[in-house]
Amino acid sequence: MTATVYIPADAGALSVGAGEVAAAVAAEAARRGVALRLVRNGSRGAYWLEPLVEVVTPAGRCAYGPVSAADVSSLFAADFLNGGAHPLALGLTDAIPWLKGQQRLTFERVGIVDPASLADYLQHGGYRGLTRALALAPTEVVQTLTASGLRGRGGAAFPTGIKWKTVLEQPVTQKYVTCNADEGDSGTFADRMLMEGDPFSLIEGMTIAAIAVGATSGYIYLRAEYPHAAVALRSAIAAAYQGQYLGADVAGSGRRFDLEVRLGAGAYICGEETSMLESLEGKRGEIRVRPPLPAIKGLFGQPTIVNNVVTLASVPWILARGADAYANFGMGKSRGTLPIQLAGNIRRGGLVERAFGLSLRELLYDYGGGSASGRPIRAVQVGGPLGAYIPPAHFDTAVDYEALTGIGAMLGHGGIVVFDDSVDMARMARYAMEFCAIESCGKCTPCRIGSTRGMEVIDRILAGVDGERNVRLLEELCETMVQGSLCGLGGMAPFPVQSALKHFREDFRARV
Amino acid sequence: METLPPAETAVVRRIVAEHKGRPGPLLEVLHAIQSALGFVPAAAVPVVAEGLNLSRAEVHGVVTFYHYFRHSPPGRHTVSLCQAESCQSMGAQALTAHARRRLGIDFHQTTADGEFSLEPIYCLGNCACSPAAMIDGRLYGRVTREAFDALIAENSLPP
Numbered sequence: 001m002t003a004t005v006y007i008p009a010d011a012g013a014l015s016v017g018a019g020e021v022a023a024a025v026a027a028e029a030a031r032r033g034v035a036l037r038l039v040r041n042g043s044r045g046a047y048w049l050e051p052l053v054e055v056v057t058p059a060g061r062c063a064y065g066p067v068s069a070a071d072v073s074s075l076f077a078a079d080f081l082n083g084g085a086h087p088l089a090l091g092l093t094d095a096i097p098w099l100k101g102q103q104r105l106t107f108e109r110v111g112i113v114d115p116a117s118l119a120d121y122l123q124h125g126g127y128r129g130l131t132r133a134l135a136l137a138p139t140e141v142v143q144t145l146t147a148s149g150l151r152g153r154g155g156a157a158f159p160t161g162i163k164w165k166t167v168l169e170q171p172v173t174q175k176y177v178t179c180n181a182d183e184g185d186s187g188t189f190a191d192r193m194l195m196e197g198d199p200f201s202l203i204e205g206m207t208i209a210a211i212a213v214g215a216t217s218g219y220i221y222l223r224a225e226y227p228h229a230a231v232a233l234r235s236a237i238a239a240a241y242q243g244q245y246l247g248a249d250v251a252g253s254g255r256r257f258d259l260e261v262r263l264g265a266g267a268y269i270c271g272e273e274t275s276m277l278e279s280l281e282g283k284r285g286e287i288r289v290r291p292p293l294p295a296i297k298g299l300f301g302q303p304t305i306v307n308n309v310v311t312l313a314s315v316p317w318i319l320a321r322g323a324d325a326y327a328n329f330g331m332g333k334s335r336g337t338l339p340i341q342l343a344g345n346i347r348r349g350g351l352v353e354r355a356f357g358l359s360l361r362e363l364l365y366d367y368g369g370g371s372a373s374g375r376p377i378r379a380v381q382v383g384g385p386l387g388a389y390i391p392p393a394h395f396d397t398a399v400d401y402e403a404l405t406g407i408g409a410m411l412g413h414g415g416i417v418v419f420d421d422s423v424d425m426a427r428m429a430r431y432a433m434e435f436c437a438i439e440s441c442g443k444c445t446p447c448r449i450g451s452t453r454g455m456e457v458i459d460r461i462l463a464g465v466d467g468e469r470n471v472r473l474l475e476e477l478c479e480t481m482v483q484g485s486l487c488g489l490g491g492m493a494p495f496p497v498q499s500a501l502k503h504f505r506e507d508f509r510a511r512v
Numbered sequence: 001m002e003t004l005p006p007a008e009t010a011v012v013r014r015i016v017a018e019h020k021g022r023p024g025p026l027l028e029v030l031h032a033i034q035s036a037l038g039f040v041p042a043a044a045v046p047v048v049a050e051g052l053n054l055s056r057a058e059v060h061g062v063v064t065f066y067h068y069f070r071h072s073p074p075g076r077h078t079v080s081l082c083q084a085e086s087c088q089s090m091g092a093q094a095l096t097a098h099a100r101r102r103l104g105i106d107f108h109q110t111t112a113d114g115e116f117s118l119e120p121i122y123c124l125g126n127c128a129c130s131p132a133a134m135i136d137g138r139l140y141g142r143v144t145r146e147a148f149d150a151l152i153a154e155n156s157l158p159p
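Quick note, the sequences are listed as chains A and B, same order.
Following this note's numbering from start to finish, the first sequence increments by one per residue and tops out at 512.
Following this note's numbering from start to finish, the second sequence increments by one per residue and tops out at 159.
So that you can see chain A by itself, here it is in the shape it has in the complex (with noise of 0.2 angstroms):
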């Protein structure tokens, strides 16, 4: 019998050597005279045990990890094909307990099957949602939607059925669907994981989005930094064409739905709805102001679903299995399960889907193993870089939309960045305004010029000039843009300066 070897394509796989791996198997393979199925798969999301190795056993899925090119000889000599004894032994995947304690909706194919096959992905469930979809009338789909009280993943946490809604109600003929797969936010891998481990999800839900509202036409805004990506969509949406699931006649629907993937060009703002809907259109992504909401007036002057990739991806599921299924999940207003990344200064990191409502000390303690340094945890940022830093003493706080934003800080797109006591929150704080600086698009004067004059307010608290003062100063200016900036990136790049004088002041004491 040809044995069957899963090693992750991913690219964060690859960056630690799963290519090498997968090369170093073939050849032992070869050299061997054993005949083996190799696929490359998506990553299972233990990136602390990538490169895993996978093989598949009477008994199921065995794993091994981290491998290096190096140990794949003596792999071969422990008999790893048929789930042989070796140090980088974890025994059945499912069972190893970072995984199987995990909730996985939206990823729930994602490490585990070939991401360039339509027929496996036919196998493992898929299109039975868009199949459910095209049963109900429009109204149902997006009944189905707000039923399950998905929110927007991307960070706004808007009620995506409310959004679907407006674009349904709207009479006109031409409508868009688009994807935001502009992950910018340090910290998130989500999006990628998902796009680049099983992108016809996405395909799928964009596609079942396109139904409800009446859409022909559609376009996955995804960032330049990720061309693997861009590979695994472009192939899978040839597929899907081919397949007869896009096109002229989706699933034998009579309805037509096109699909294309537009590269973004290294603007941070272009996650920005809005932005991203103007550098669609060929523009500079300078924000638009709202009203009106795309809903109602998005990309090139028509009605627009704007939503993020595991948004979209997790539409499949809750149309298979129902809105109260998905609602099942979660506690208060936020429903079904979220995505996490476990990232930066962290022992074990990487994704881990659960439902809303466990602690952060949870993940960082029970799923990360603590830091990687082996120092204590001083700070974590959640949400990205306009996201606030979290000392340990909140630790216990839910991850769940209202209980972030009870404690000053924001859920965000699901990304938790580690930093151990090594680190200088005026230096973090200062990277805010940096950043802020560098990715302003420039259309309002609080972000554009109160980003530099913050950058130039903290080099002047780091240098001990005027201390206090400035201090002062760097809280008003902070305000200022809190409450005058157009969009998110002016009006909460301020956060994680707040967040850092107010919980780790000493920081800039020591300096005054």
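Rather than coming from a laboratory, the hints here were simulated on the basis of the structure.
Values in this document were obtained by computation on a predicted structure and should not be read as measured data.
Check before you lean on any hint, since a few could be wrong.
As the list claims (entries may be wrong) - Here's a subset of chain B near chain A, in silico, CB distances under 8 angstroms, partners left out:
#: 1; residue: GLY21
#: 2; residue: GLY24
#: 3; residue: ASN53
#: 4; residue: ALA84
#: 5; residue: LEU124
#: 6; residue: ASN126
#: 7; residue: ILE135
#: 8; residue: GLY137
To be verified - From chain B, some residues computed to sit far from chain A (all C-beta separations above 10 angstroms):
#: 9; residue: HIS31
#: 10; residue: PRO46
#: 11; residue: ALA49
#: 12; residue: GLY61
#: 13; residue: GLU85
#: 14; residue: SER89
#: 15; residue: THR111
#: 16; residue: ALA132
#: 17; residue: ARG138
#: 18; residue: GLY141
#: 19; residue: SER156
Glycine included, each C-beta is placed from N, C-alpha and C at the ideal position.
Let chain A serve as the given structure and place chain B on it in line with the hints.
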């Protein structure tokens, strides 16, 4: 203003013609130009503007808005080092300082022999394997100074 050499003008005109009929084509056109020529020459701006019926100012505005578009030819290899928070938490600043010393250049510069360009980048989505770098589109994670030196040595070999 400098004019584009005839061969490059032909390339740019072909790219414009290919994309012209598509909705909002300018970014796609600029990506294609950078793929073909390695950067977006200032002298390409009027050619693009004419082809897409835009003003030169509009095209120039777009080229300069996006960090990804280069205004000068890159070195034979482009080394991008992530500067964002996650990578900072794992020593990106020290790695960056090391890279500057090793290559003898600062960000946005190219080595005198034309081998390496060094660029900052803000998140490569590899935050569970920080610090991250990208060399010619290949992603690297958990990059130590030693690993960086090995990658530079590997890429310095004659082709």
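Each hint, compared with the structure:
Hint status for GLY21 (chain B) relative to chain A: violated, with the closest Cβ pair at about 13 angstroms, above 8 angstroms. Here the hint on GLY24 (chain B) is kept, as its CB sits about 4 angstroms from the closest CB of chain A, short of 8 angstroms. Checking ASN53 (chain B) against chain A by beta carbon gives a least distance of about 12 angstroms; that is not within 8 angstroms, so the hint is violated. For ALA84 (chain B), the interface hint holds, the least distance from its beta-carbon to any beta-carbon of chain A being 3 angstroms, beneath 8 angstroms.
This hint holds: LEU124 (chain B) has a C-beta 6 angstroms from the nearest C-beta of chain A, less than the 8 angstroms allowed. For ASN126 (chain B), the interface hint holds, since its Cβ comes within 8 angstroms of a Cβ in chain A; the closest pair sits about 5 angstroms apart. Contact between ILE135 (chain B) and chain A, as hinted, is not supported at the beta carbon level, the nearest pair being about 11 angstroms apart and thus beyond 8 angstroms. With a cut of 8 angstroms, the hint placing GLY137 (chain B) at the interface with chain A holds, because the nearest CB-to-CB distance is about 5 angstroms.
Not every CB of chain A is more than 10 angstroms from the CB of HIS31 (chain B) (nearest about 6 angstroms), against its label as outside the interface. Taking the minimum C-beta to C-beta distance to chain A, about 17 angstroms, the non-interface status of PRO46 (chain B) holds against the 10 angstroms cut. Every C-beta of chain A lies more than 10 angstroms from that of ALA49 (chain B), the closest at about 12 angstroms, which supports listing it as non-interface. Not every Cβ of chain A is farther than 10 angstroms from the Cβ of GLY61 (chain B); the closest lies at roughly 5 angstroms, contradicting the non-interface assignment.
Here GLU85 (chain B) does not stay apart from chain A, with its beta-carbon only about 4 angstroms from theirs, under the 10 angstroms limit. Under the 10 angstroms C-beta cut-off, the non-interface status given to SER89 (chain B) relative to chain A is violated; the minimum distance is some 4 angstroms. Every Cβ of chain A is farther than 10 angstroms from the Cβ of THR111 (chain B); the closest lies at roughly 22 angstroms, confirming the non-interface assignment. The Cβ of ALA132 (chain B) does not lie farther than 10 angstroms from every Cβ of chain A; its closest approach is about 7 angstroms, which violates its non-interface assignment.
At roughly 8 angstroms, the least C-beta separation between ARG138 (chain B) and chain A is not larger than 10 angstroms, which violates its mark as non-interface. Distance check on GLY141 (chain B): its Cβ comes as close as 4 angstroms (rounded) to a Cβ of chain A, failing to clear the 10 angstroms threshold; non-interface status is violated. Every CB of chain A lies more than 10 angstroms from the CB of SER156 (chain B), the least distance being 20 angstroms, so the non-interface label holds.
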